[in-house]
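**Q** Counting from 1, one number per residue, gives the positions in the sequence shown under the working numbering.
Hint data in this document are derived by calculation from the structure and do not stem from the laboratory. Any given hint could turn out to be false.
[Claimed, not checked] When the alpha-carbon atoms are kept at most 20 Å apart in a straight line, the in silico EDC-like pairs for lysine to aspartate or glutamate are as follows: (1) K174 x E112; (2) K174 x D118; (3) K174 x E208; (4) K174 x D153; (5) K174 x D149; (6) K174 x D156; (7) K174 x D105; (8) K174 x D233; (9) K174 x D191; (10) K174 x E212.
[To be verified] Taking CB as the label site, the calculated pair distances span: (11) E230 x M16: 49 to 55 Å; (12) L67 x R123: 46 to 52 Å; (13) Y40 x R243: 51 to 57 Å; (14) L58 x C196: 41 to 47 Å; (15) E212 x L59: 46 to 52 Å; (16) D118 x Y55: 27 to 33 Å; (17) L36 x D229: 34 to 40 Å; (18) Q104 x A170: 32 to 38 Å.
Keep in mind that this is a model prediction, so the values were computed, not measured. We put the beta carbon where it would ideally sit given N, CA and C, even for glycine.
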Amino acid sequence: MQESDQGDSRKTGRRMRAVAGALSAAPIGFAAGALLGGRYVVVQGGAGVSDAAAYAVLLGAVVVALLAAIAMGIVTAFLPPKPARVTTIVAGGISFAILVYIVQDFVVHRVEQSRIFDAAYARVPSFELTLTATDRQRRPFSTLAFEADRQSDTRDYEALRPGGWFCRGAGGPKDSLALYQGIRAAEEDDDADVPCHNRAAWRISGEEPVTERCADDGDGFAALFAAADEMIDSTQRYASCRRATDPGFAVAPRR
Numbered sequence: 001m002q003e004s005d006q007g008d009s010r011k012t013g014r015r016m017r018a019v020a021g022a023l024s025a026a027p028i029g030f031a032a033g034a035l036l037g038g039r040y041v042v043v044q045g046g047a048g049v050s051d052a053a054a055y056a057v058l059l060g061a062v063v064v065a066l067l068a069a070i071a072m073g074i075v076t077a078f079l080p081p082k083p084a085r086v087t088t089i090v091a092g093g094i095s096f097a098i099l100v101y102i103v104q105d106f107v108v109h110r111v112e113q114s115r116i117f118d119a120a121y122a123r124v125p126s127f128e129l130t131l132t133a134t135d136r137q138r139r140p141f142s143t144l145a146f147e148a149d150r151q152s153d154t155r156d157y158e159a160l161r162p163g164g165w166f167c168r169g170a171g172g173p174k175d176s177l178a179l180y181q182g183i184r185a186a187e188e189d190d191d192a193d194v195p196c197h198n199r200a201a202w203r204i205s206g207e208e209p210v211t212e213r214c215a216d217d218g219d220g221f222a223a224l225f226a227a228a229d230e231m232i233d234s235t236q237r238y239a240s241c242r243r244a245t246d247p248g249f250a251v252a253p254r255r
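Build the full structure now, drawing on both the sequences and the hints.
**A** This is the structure in structure tokens:
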């Protein structure tokens, strides 16, 4: 009976050492996997910081973390108790240092990104933007009027959406910055040949208004429409919509 109890105690101790060892090694494996993924997937693969590259790096880091945890769990389970404890403590110390570094780097990165955004957004003046498409079923909108007012800190829009839905909503500071940057980029695009399917017009505070620019071609106009699409998609659940009474209805900036 005593031998049976000792055997159970040894099995329990072995399981606990395995679990402790696995937990102590997982962060090391995650950091190693992320480092290798960042080096080979992003840099050598030329994927930049695209979503696909980010997911690939994350998946690689998780896989390596699991492998490291399993390997460390097996090693500590079959080591004698004292060497297993020492190994676990050393690995745990390294993992703690890695976690502190990751958290610190994340916080510093977020603070820096916030500082950069605040500086860029502070330079955005009041402006009005109108985008129109001849395709009434264009998604997520066929006509958009956006107005950013810095004095009242508002970023309201009116849009005609597929199916004849007229919607009113509001964008965020990121939307306003993206649209303003899109306008500045579109100013550098060449005028497209007619016929024209997409058009843009804008009025920036303190500048001459720009009317009836053809927006079919050019990286700037593509970025401008992409920013508008993102705003409509991300805010549609908060927008107030009703059926437009006129199928040919076109919204215009509010005065």
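**Q** Tell me the numbers of any earlier hints that the structure contravenes, in ascending order.
**A** 3, 7, 9, 10
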